[in-house]
Amino acid sequence: MNFEWLGRQFDNIVFLLGWHVLLAVTPLILGLLIALPLGWWAHRSRRIYPFLVGVAGLLYTVPSLALFVLLPVILGTKILDPLNIVAALTIYTVALLVRVVADALDSVPQDTVQAAKAMGYRAYQSLLKVELPVGVPVISAGLRVAAVSNVSLVSVAALLGIPQLGSLFTQGFQLRFFTPIIAGIVLCVVLAMILDGLIILLNRWLTPWTPKVVAS
Amino acid sequence: MINYLFDPAHWSGADGIPTLIGEHLIYSLIALAIAAVIAVPLGIYIGVTGKGVFMIAGLANALRALPSVGLLILLVLLISPAFPSKMGYILPSLIVLVLLAVPPILTNTYAGVRAVDAAAVDAARGMGFRTMKILTDVQLPCSLPLMLSGVRSALLQIISTATIAAYISLGGLGRLLIDGKAQNDYSQMVAGAVLVALLALFFDQLLAFITRRVVSPGLTRRTVKATLPSGEVIPSETAKTPTAV
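Quick note, the sequences are listed as chains E and D, same order.
Just so you know, we're using my numbering here: the first sequence kicks off at 1 and counts up by one.
Just so you know, we're using my numbering here: the second sequence kicks off at 1001 and counts up by one.
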């Protein structure tokens, strides 16, 4: 490791890290916002469930590099536009979470739903105040998987020349120089771990009734 | 893109589309075979004995966090000086592909063996089956659906990452994407992207089909319809097998 080089490149690395966070986190939030109503729809209708889960499975199949290249054709963007990465990762996040949200809502005990109804909750109140909160642990487990794989997938965009931590890999390859590669890998893994930890904390904060047992 | 795909010049020769598809498949299947040889026996062992379960939980998530591009480039720089020939980039690519394919197969095999109904195992033992026969005739067939879904996500992961490995000069359909980028030939890139996506979809559906064929219908409850004495038919439940992992 050449720490002198790291010191000189500090500003640049912070810039790349910022872009990486932006490109990984934006799709996570957008994907969750889109997956919630879709998952609810799949949960409500037994006919829609296999259709939505099937389409999600097919979308998840498309390799990331191919999706990054295909989206400009569909969206009319330039190939170097970071928007393509956000759109592609949003698609993956939605594909992963639709099923998770539907299964989370399915996992809410019928007794709980009926108790809410008996206490006078309207359907939308029951959904927002009872069913979704009870489903939070399942949804956040899915969100953790999406967050960690997004961080790794963003770095693929470096092959197209979109700046983020993956640029350190291509730079290291061109220079035959290990320092940026190792720095990039370490930062990616640390970023994934931080996002993962944040979701665990968020889950604990949103579900104060669950016993405080540390999950392995 | 259409013009690129329908130009006969792109369908023959050493860098023609059939050759690239062939290369993509060979690397992918070799990596899948190596990963399966490692992960299936290990998964069965951990599932049956319960030893090393702590490894399973951490491994899947830790490897998902590792950026595959970074890993590929790191291994090429480490290994290629020792192998001056083509092996200098084929070997690191295969290592990364295997590394990415092992966790889904391993965790799903383990989960599959664990999820086998204990009553079925007890019944087999009661019927006088020996441990080995219980494994081959009861536990393995029962864990097949989960195991195959692990193989399916592993293969998708491999096909996707083999595309990326074109950057470190591995052959395959990724060549169209990387060379297209280098030559500013966008139609070539899109043609490559379409072909890679089709290849992945084809293999996903192929494995889904194989799963339907080899998994015992008693497990998926696909063809099983229970009829009550009153003549009322209870519709079969569609099995939920995880696709996106």
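It is worth saying that the hints were derived from the structure and are not from the lab.
One or more hints might be untrue.
What the hints assert, rightly or not - Stretch by stretch, here's where chain E covers chain D in the computed footprint (C-beta under 8 Å, at least three residues):
1) 1012 to 1023
2) 1073 to 1086
3) 1134 to 1140
4) 1153 to 1160
5) 1197 to 1204
Claimed, not checked - Simulated DEER-style distance windows between Cβ atoms:
6) P133(E) to D1007(D): 50 to 60 Å
7) S1012(D) to R46(E): 49 to 59 Å
8) R8(E) to S1012(D): 47 to 57 Å
9) M1055(D) to G18(E): 55 to 65 Å
10) F1083(D) to W41(E): 48 to 58 Å
11) D1015(D) to W5(E): 47 to 57 Å
Where is the CB? At the ideal position from N, CA and C, for every residue including glycine.
So, going through the hints one by one against the coordinates:
With 0 residues having a Cβ less than 8 Å from any Cβ of chain E, the segment 1012 to 1023 of chain D misses the three-residue criterion, and the hint is violated. Chain E is given as covering the segment 1073 to 1086 of chain D, and this holds because 4 residues of the stretch bring a CB closer than 8 Å to a CB of that chain, at least three being needed. Interface restraint, the segment 1134 to 1140 of chain D with chain E: violated (0 residues with C-beta to C-beta distance below 8 Å; minimum three). Coverage of the segment 1153 to 1160 of chain D by chain E holds in this model, with 3 residues showing a Cβ closer than 8 Å to a Cβ of that chain against a need of three.
Check on the segment 1197 to 1204 of chain D: 4 of its residues sit with their Cβ under 8 Å from a Cβ of chain E, so the three-residue criterion for coverage holds. At about 57 Å, the CB distance of P133(E) to D1007(D) agrees with the hint of 50 to 60 Å. As the Cβ distance of S1012(D) to R46(E) is approximately 50 Å, the hint placing it in 49 to 59 Å holds. The hinted window of 47 to 57 Å between R8(E) and S1012(D) holds, with their beta carbons roughly 50 Å apart.
A C-beta distance of roughly 35 Å is found between M1055(D) and G18(E), which places it outside the suggested range of 55 to 65 Å. Evaluation of the 48 to 58 Å hint for F1083(D) and W41(E) yields a pass: the beta carbon distance comes to about 53 Å. Restraint check, D1015(D) to W5(E): a C-beta distance of roughly 37 Å breaks the suggested window 47 to 57 Å.
Violated hints for the displayed structure, listed by number in ascending order: 1, 3, 9, 11.
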